[in-house]
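Participant: The lines below spell out each chain.
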Amino acid sequence: MTQIYPIAHLLGGVILLCAFALLSQRRISAMITLYQAEAITLSAAAFWQGLAQGAPSLYLTGLITLGIKAILLPIGLRRIVWRFGLTRANESALPLGLSLVMGVGLIGVAVLVVLPTTVSALSLTREDLAISLSIVLLGLLVMTSRRHALAQVIGFLSLENGLVLAATGMPDMPFVAELTASLLVLLGVLVVGVFLFRMNEHFDSLDLAGLEDIERRGR
Amino acid sequence: MSFALAAICLPLFATVFLALAGSPLLGARINLGLSTAVFALTLGVVSHPGHGLVAADPLGAIFGVLTGFVSLTIGVSNIGFVRCEQAGFSHRQWRVYHALCQMVLGSTLLGLYADNIGLLWAATEGATLACIFGVGLPRTATALEAAWKYFILGGVGIALALFGTMLVYLAAQPALGPGLPALSLIALSAHAGRLDGSLLTLAFVFLLFGYGTKAALVPLHGWLPDAYAEGPAPLTTALSGLTLNVALIAILRFRHLLQANRLEGGAAMPPGPFLLVLGLASILLTAFSLSRRRDSRRFFGFSSIEHSGLAVFAFGVGGATAIFGGLLHMVIHTLIKSALFQALIRAASFRGGAGAGQFGFSHLRGMMAANKYLAWVLGACVFALTGLPPSGLFVSEFIIISQTIQREPLAALPLGLGLALCALAVIRTIGPMVIGPPPKPVTPTKAGVTAHLASLHLILAFGVAFAMPWFLVRALSAIAVALR
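Which chain is which? The protein sequence lines are A and B, in order.
When you line the first sequence up against the numbering used here, it's residues 45 to 263, in that order.
When you line the second sequence up against the numbering used here, it's residues 195 to 678, in that order.
Derived by calculation from the structure, the hints in this document are not laboratory data.
Among these hints, one or two may not hold up.
[To be verified] Quick list of the computed label-pair ranges, beta carbon to beta carbon:
#, chain 1, residue 1, chain 2, residue 2, range
1, B, G546, A, G149, 49 to 57 Å
2, B, G387, A, G152, 29 to 37 Å
3, B, V675, A, R71, 56 to 64 Å
4, A, Y103, B, A461, 30 to 38 Å
5, B, I621, A, V236, 39 to 47 Å
6, B, G546, A, T188, 38 to 46 Å
7, B, H285, A, E135, 37 to 45 Å
8, A, L107, B, S217, 39 to 47 Å
9, A, L144, B, L457, 43 to 51 Å
10, B, I621, A, R70, 48 to 56 Å
11, A, V155, B, A461, 13 to 21 Å
12, B, G625, A, L144, 54 to 62 Å
13, A, Y103, B, V643, 52 to 60 Å
[To be verified] Just some of the chain A residues that point at chain B, by a computed CB distance under 10 Å:
#, residue
14, V157
15, G183
16, L184
17, M187
18, A193
19, G206
20, P215
21, P218
22, E222
23, L230
24, L234
Here a beta-carbon is modelled for each residue, glycine too, at the ideal position from N, C-alpha and C.
Generate the whole structure from the sequences, applying the supplied hints.
Facilitator: Below you can see the structure in the form of C-alpha cells.
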C-alpha cells in the first residue's frame, strides 16, 4: 500500500484545483462543470480512503457523493440556469485577478495554520486537513466575492466538498456517512431554495398559489 | 428506551404525521398534547438521564425541563394564534407549520441531551433547517429574503461547526483513539488534559464561529432580526429562541475543554478573550441599534442578541461564579422572552392579526384601551428585559457585573455602558405601548389564557432569581464548578 499517500494527495490536489478555478470563472455553466468535476474527484477520494482504511462506510459516502452531488445537483443547477437564462449573469464584486491573489493567500493561510498545529497527527491526515481547510476558505471567498445567488450557492457546495474531504480523511471517524447525508439535505434545500427565490424575483411574489387555494376553500 | 430518547423521538416522529394530515386547529391541539407529553418526559429525564449517545448531564436536563415547559406554554398560546391567523395560510401551510414546531422542539432537545458532538451538530442543523422553512413559510418577498439570508449565514455557520467538530475529534486522537469515545462530551472533558492543545484551539475558533452564528453573536447576527420579524410568530420567535440556548451551551462546553486542557498543562490558548470580545461586540452593537427599530419583533430580536452576548461574555469572564451567573441569565431570559413574545402575539391579534408586518410599535400603541390586564403583563415583560429590579435578570446581571469588576476590570466599563444603553432603549417603548393613545378606536377584548401564562413565566423568573429552590442552587453550582 505504498501508493496510498501519493494517490490520496493527487485526488485532494485535483479537488483543490477545481475549487481554485471556480474563482476565475465568468460563466455560471462553467462553474457548474467545475463543481461536477470536483464532486466526481471527491467520490473517487472517498472510495480510495475506504480502500486504504478498510472502512466500508466510506464506500457509502463515495456512492452518495457520486449519485447526488456529481449527478443530481448539477442537473438541478443546469435546469435553473436554463429556465431563467442565467448563462452570463455572474457579476463579481472583486476583480478576478484580485480574487485569485486572495485565493492563493487563503491557501497559504490554511497551510500555515494547519501544518504547525497538527505535528502529532498522522501525516496523511495533516495534509488532507490543510487541503480541505483551503477548499473551505476558497468556498467562503467565492460566496463573498460573487453577487449572484446561484454563484454563491456553488461556492457553498464547493465549501461543503472540502468538509466531506476532511471527514473522509479522519482516522476511522464514526458517522461519516450519516454526517455527509445530513449535509446533503442542506444542499438539496439550498438548490430548491434558489429555484423558489428566482421564481420570486421573476414573478414578484409566490403568494398567488396560496391565494387561489384559500379562494377555493372559501367557496 | 430512556426518557431522554422518548422526549426527542416523540416530537420528531410526530413531525411526519402532522405534515400529512389535520386541520389547522386540530394540528394546534395535537401540538399542545405533544408538548405536554414532552414536558412530562423532560421531568423524567432529571431522575433518569439515560446512557450511551443520548445521555443528559445535569446541565442538559435543567435546560431540557425549561425547554419542555416553555414549549408547553407556547403550545397553549399557539391555539389562539392559529384561531386568529387561520385565513392567512392554506391548510397545507398550516400542516407544515405544526410539523416544523415539533421538529424545532425535538432538535432542541436532541442538542441538549446528546452526549456526542456529532449528534449535537446534527441537532443544530435540524433546528436551523426547520427555522429556515418556518421563516420562508409566508412566501412573501420579504419572508423569502429573510429565509435566504438565514440560509446563507446559517449554512456557513453549520459548515464551520462541522469542521470544528472534526478537528476536536482529531485533537482527541492522542488521548482516546479512533471511535465513538473521541466524540463523547463526557469522555472529552474527562481527558481534557491529554487532548492536543493547539489543534483544540484551532477547533474552538471554528466552533465558536459556527455555534456563534446560531447564538447570533455579532458579527454573525444578521439573520436573527429578519427571521424574528418575518416568520409565523410562535415558531420563529418563541420556539426558535430555545435553540439559542443549545448553541450557547455548546460554546460553554467547548470553552471548558480549552480551559481544562490549559489548566492541566496542555497547549491550548485561553478561550476568555475570544468570548469577551464577541460578547461585548454583541452588547454594544445592540445598544446602538435598538433605538432605531420600528418593528417590535425586530426590536426584541436585537434584545435577544444582547442577552446572548451577555451570556457569552459571562462565560468569557470565567470562574464558577460568572458561569453560574451566565447560566442563570440564560434560564431567566428564556422565561421572560418567551412570555413577552406570547403576550405580544396576543396584543397584535387584538389589532387585527398576528401576521408579519402587524407588530410595528405604532400599530401596538395603547394596549390599555383594549385590555388592562394584558397591557400590564406586556409592560411588565418588557420592563423585566431591562434587568432593573425586581426583574429576575437583575440578579444574574448583578453576578456577572460584579465578577467582571473582579476578574476583568477593563471590560467592566464598556459592559456597563452597553447594558445601560440597552435598558434605556427598552424602557422607552413601555410607555407608548401600555398607556399611549391607541392608533384607532378599539373595543375592550378579553385577555385570554395567554396573559395568565405570561404572568406565570414572569413569576417563575422572579422566583428562580430571588428565591431559588435549594436543589436548583445546588445543581447549577455543581455545573458551574465543573465547567469553570
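Participant: Hint by hint, note whether the structure agrees.
Facilitator: Going down the list of hints, with the structure as the test:
no. : hint                          : result
1   : B:G546 <-> A:G149: 49 to 57 Å : holds (55 Å)
2   : B:G387 <-> A:G152: 29 to 37 Å : holds (33 Å)
3   : B:V675 <-> A:R71: 56 to 64 Å  : holds (59 Å)
4   : A:Y103 <-> B:A461: 30 to 38 Å : holds (37 Å)
5   : B:I621 <-> A:V236: 39 to 47 Å : holds (44 Å)
6   : B:G546 <-> A:T188: 38 to 46 Å : holds (41 Å)
7   : B:H285 <-> A:E135: 37 to 45 Å : holds (41 Å)
8   : A:L107 <-> B:S217: 39 to 47 Å : holds (42 Å)
9   : A:L144 <-> B:L457: 43 to 51 Å : holds (45 Å)
10  : B:I621 <-> A:R70: 48 to 56 Å  : holds (54 Å)
11  : A:V155 <-> B:A461: 13 to 21 Å : holds (20 Å)
12  : B:G625 <-> A:L144: 54 to 62 Å : holds (57 Å)
13  : A:Y103 <-> B:V643: 52 to 60 Å : holds (55 Å)
14  : V157                          : holds (7 Å)
15  : G183                          : holds (8 Å)
16  : L184                          : holds (7 Å)
17  : M187                          : holds (7 Å)
18  : A193                          : holds (7 Å)
19  : G206                          : holds (8 Å)
20  : P215                          : holds (5 Å)
21  : P218                          : holds (5 Å)
22  : E222                          : holds (8 Å)
23  : L230                          : holds (6 Å)
24  : L234                          : holds (7 Å)
Violation of the numbered hints given earlier is absent; every hint is satisfied by the structure.
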